[in-house]
Amino acid sequence: MAWTMLSGRGAHEVHAGRERATRPAPREEDPALAAEGFAEEALPWLDAVHGFALRLTGGDRDAAEDLVQDTFLRAHRFWHTYKRGSNAKSWLFTICRNTYLHGKEKAINRYERPAADFDARMETLAAVSAWGTGPERPDREFFDRLIGDEVIEAIDDLPEEFREVLVLSDMGDLKYAEIAEVLDVPVGTVKSRLSRARRILQERLRSFAESSGYVQERGE
Amino acid sequence: MIREKMGMIRCEEAMARLWEFLDGELEDVEEEAVRKHLEVCNRCYPKYDFQRAYFEYMQRTSPRGEGSVDVRRELFQKLLEQEAGGD
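Chains as they are written, first to last, in this note's numbering: chain A, 1 to 220; chain B, 1 to 87.
Derived by calculation from the structure, the hints in this document are not laboratory data. Where hints are given, some of them may not hold.
Calculated pairs, BS3-like style, for lysine-lysine (alpha carbon to alpha carbon, straight line, at most 27 Å) [what the hints assert, rightly or not]:
| # | chain 1 | residue 1 | chain 2 | residue 2 |
| --- | --- | --- | --- | --- |
| 1 | A | Lys-104 | B | Lys-36 |
| 2 | B | Lys-36 | A | Lys-175 |
| 3 | A | Lys-191 | B | Lys-36 |
| 4 | A | Lys-191 | A | Lys-104 |
| 5 | B | Lys-78 | A | Lys-83 |
| 6 | A | Lys-83 | A | Lys-175 |
| 7 | A | Lys-175 | A | Lys-191 |
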């Protein structure tokens, strides 16, 4: 096993954790609602929920807007069940996902994504070592070379169970326990799905970057 | 071995915990072990740095609220209607 030590301690600057979005401030144009606290606690998360809805629906803007509206109308209707000062963001994401799933049940294929070749793709990916833990030296500037909507397209193309956990974590900034609550699965499942989702996403971005000539192909 | 004298974890252990370290989900003792490893390991640090860049990229490309002006306006109208008993 290779082990390359630096001569001095603390030569690399290392930080645990990452920055997570704090609750945005309420906006002036927010309506004066009778539901106490709804404007202050729920509405600031509208954009975040919209972002989540866009990815849940695979980028279908009309479906996402319907989903956002349904989510907030339902949240408003059941606002009396929300414990003020708890986690409105997780609560809203949960409602959004449940509404999305309910919509799928009601109207088959309304939000469904094609995943017929998923098994074949998973087998291919399983044979590839995890990017970032392989022998190559990854280059952080790789991300600066990606332009356009590659990452969004790659996320939208992920199977749903991977897409939702990745979006909740890496775009929605939810913690593992919060994601577990939204998805109603154990934390261990969140961790394994998230690890796999990131691996698939990064592998796809790399393939795209290689085929586009942004980075050199492996083995060259 | 130098790393054993320094009480270091191995590269495999550090990399196995990398996501949880970056997600801020490790207990203090484990977090400190990974941090100490990354601070001095020239093999693992680039992988850590790359994954940090991934998170920065994801934050930059998050489509929060894109084109949501009409969504907001329509939603606010419906919320007010709902409160007025229209739904």
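Each hint, compared with the structure:
1. Lys-104/A to Lys-36/B: Violated - the C-alpha atoms of Lys-36/B and Lys-104/A are around 47 Å apart, more than 27 Å.
2. Lys-36/B to Lys-175/A: holds (24 Å)
3. Lys-191/A to Lys-36/B: Within the cut-off at roughly 23 Å; holds.
4. Lys-191/A to Lys-104/A: holds (26 Å)
5. Lys-78/B to Lys-83/A: Holds, because 23 Å separates the two Cα atoms, which is no more than 27 Å.
6. Lys-83/A to Lys-175/A: Distance ~19 Å between Lys-83/A and Lys-175/A Cα, so the pair holds.
7. Lys-175/A to Lys-191/A: holds (10 Å)
The structure fails hint 1 only (numbered hints given earlier).
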